[in-house]
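Novice: Quick note, the sequences are listed as chains V and B, same order. In case it helps, my numbering puts the first sequence at residues -11 to 300. In case it helps, my numbering puts the second sequence at residues -11 to 300.
By construction, these hints were calculated from the structure, which means they are not laboratory data. Be a bit skeptical, because a hint or two may be false.
No copy is singled out in the list; a pair is fine if it fits within one copy or between any two copies.
[Stated by the list, open to error] List time: in silico EDC-like cross-link candidates among lysine to aspartate or glutamate, alpha-carbon distance up to 20 Å: (1) 292 - 11; (2) 75 - 109; (3) 292 - 141; (4) 13 - 119; (5) 179 - -9; (6) 151 - 109; (7) 86 - 119; (8) 105 - 141; (9) 101 - 64; (10) 75 - 116; (11) 44 - 154; (12) 33 - 265; (13) 115 - 154; (14) 115 - 78.
Number of protein chains: 2
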Amino acid sequence: MFDNLPNEVTVFEVGPRDGLQNESKHIETADKVALIEAVARAGLKQIEVTSFVSPKWIPQLADGAQVVSALTLPADVSISALVPNLKGYEAAKASGLKQINLFLSASEAHSKKNINKSVAEAINTMKEVADAALQDGMRLRCYVSTVFACPYEGPVSISAVLKVVEGLVAIGVHEISLGDTIGAANPLQVKQVLDALRGLISFERLALHFHDTRGTALANVVAGIESGVTIFDSSLGGLGGCPYAPGASGNLATEDLVYMLHGMGIRTGIDLSSLVEAGALAQKLLGKELPGRYLRAELAARAKACAKVGAE
Amino acid sequence: MFDNLPNEVTVFEVGPRDGLQNESKHIETADKVALIEAVARAGLKQIEVTSFVSPKWIPQLADGAQVVSALTLPADVSISALVPNLKGYEAAKASGLKQINLFLSASEAHSKKNINKSVAEAINTMKEVADAALQDGMRLRCYVSTVFACPYEGPVSISAVLKVVEGLVAIGVHEISLGDTIGAANPLQVKQVLDALRGLISFERLALHFHDTRGTALANVVAGIESGVTIFDSSLGGLGGCPYAPGASGNLATEDLVYMLHGMGIRTGIDLSSLVEAGALAQKLLGKELPGRYLRAELAARAKACAKVGAE
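This is chain V alone, in the form it adopts within the complex:
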């Protein structure tokens, strides 16, 4: 174990989109922009900033185009947005984005529930968007949900995952992010899925998207790294990822991921202290504590340090 650790890992930040789309509190466009810029200041180079889904479904991100046009970011930061269909694609393109992120499910039941299409139908629809986007020179990422377990079907077969990945490779998607939508995966399963995918797709094009619902996210990251994956999705403070209830956890927190990677001598280009500042800003904007463990421990330690100084 750990004989071939990568020197560097790419952290793909999903908080501004996956996080904020699940929040009921209204966040001003200017505040979203400030949050994204704070994330970029911490050194994140891949940020999903919004979605171009109908505001009927996700009113929280109805200001996607305004967010994109208001951002001032270092030139080496790549931003992208979630896009469900051609209409969304046109809006994303009009906003000036150079990367869009598509999504579908590995399990039939989740696909039906989420977008009312079978997996095969979802791939066909996606091909229309992908063809247009590739012609426009866009970079394409695709999230695959329910790779490790489905909330309706339970365990998902590896052959179902292989079929979806084959379909996405055929379409020409540049990067595929395999998602543990309900945070049920374990490290052995991660290894088994990745072993099955070897040869089907270059692992440089593969990302892993873990949820920390049951505390296993970083253990799964370790299995991913050992298997040769070097792109991991995470969310500032653990924002979003459809947690069941207040207090339950969804997305893997970016700070937890970066803390572990740096400890293992793996570079990310991210400054953990600045990341905590961004997390504190997110908590302020949302008016609540986020579930990320490093963030909580760090902010509690800082508060304690301040209280001590105050008492002396």
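Chain V is fixed; fit chain B onto it per the hints.
Specialist: Relative to chain V, chain B alone:
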């Protein structure tokens, strides 16, 4: 990776002691007994039930002897208590316990702060207790704190850890639990420490005690398993472990550990559903939510299921 996973792992439950000693709320002896019995009903075979530390320091566990004498447990459950010195040992022995758990630190600064002794002095004092206990046919476990990092010194050298383990082996301690007291360890470090210990002690006598302060506990367990350790400490619902502040996490939650192990096909003898019942009881007794992720997700999912039924 994962070519030699163990068939079985021992989970050592520290919640009733490490958890309750950090709680300000008064818990009745009968409630402590009910909690320990609930933990045993879930299948835990190794439970640290209390401590025999001066009630001046830990008034929460002043009823240690009453707890031990009131317990009704299956014959294959081993209970033990934390013991700081000869006086505590005599009290533990008088209570009828067959195992005691000692403790010391790997770092000088933590040792001084915690028990006002150097590490060498701590080993000498421990030898007195150990000699008496071994003569009485007791089983001896020893916790080593600050193995991976010290809150006062920062990183702890592997040579300091080796020295302590050598001292404990010489004393005749049966089991040594290596603790990540402030939850700062990472999987690479875990592997490096264990590689250095190979040959010095049989790994069957080694346990790992991780804290989830920064979300890394299960990732560290994976590194421990890969390195050949098969005993892991954890705490019901993540109780205790000196978290910095409300909301921050201390001990690795037993449910999170068991969930991951079972998912990887590793037996524990524990029934996860009964464990959640015990966790719910702990929350009720303490009047607050515990930080364990599986517990939170599971209780939230159950509450949701109930609400649904209610609405129909």
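Novice: Which of the stated hints cannot be reconciled with the structure, identified by number in ascending sequence?
Specialist: 4, 9 and 11
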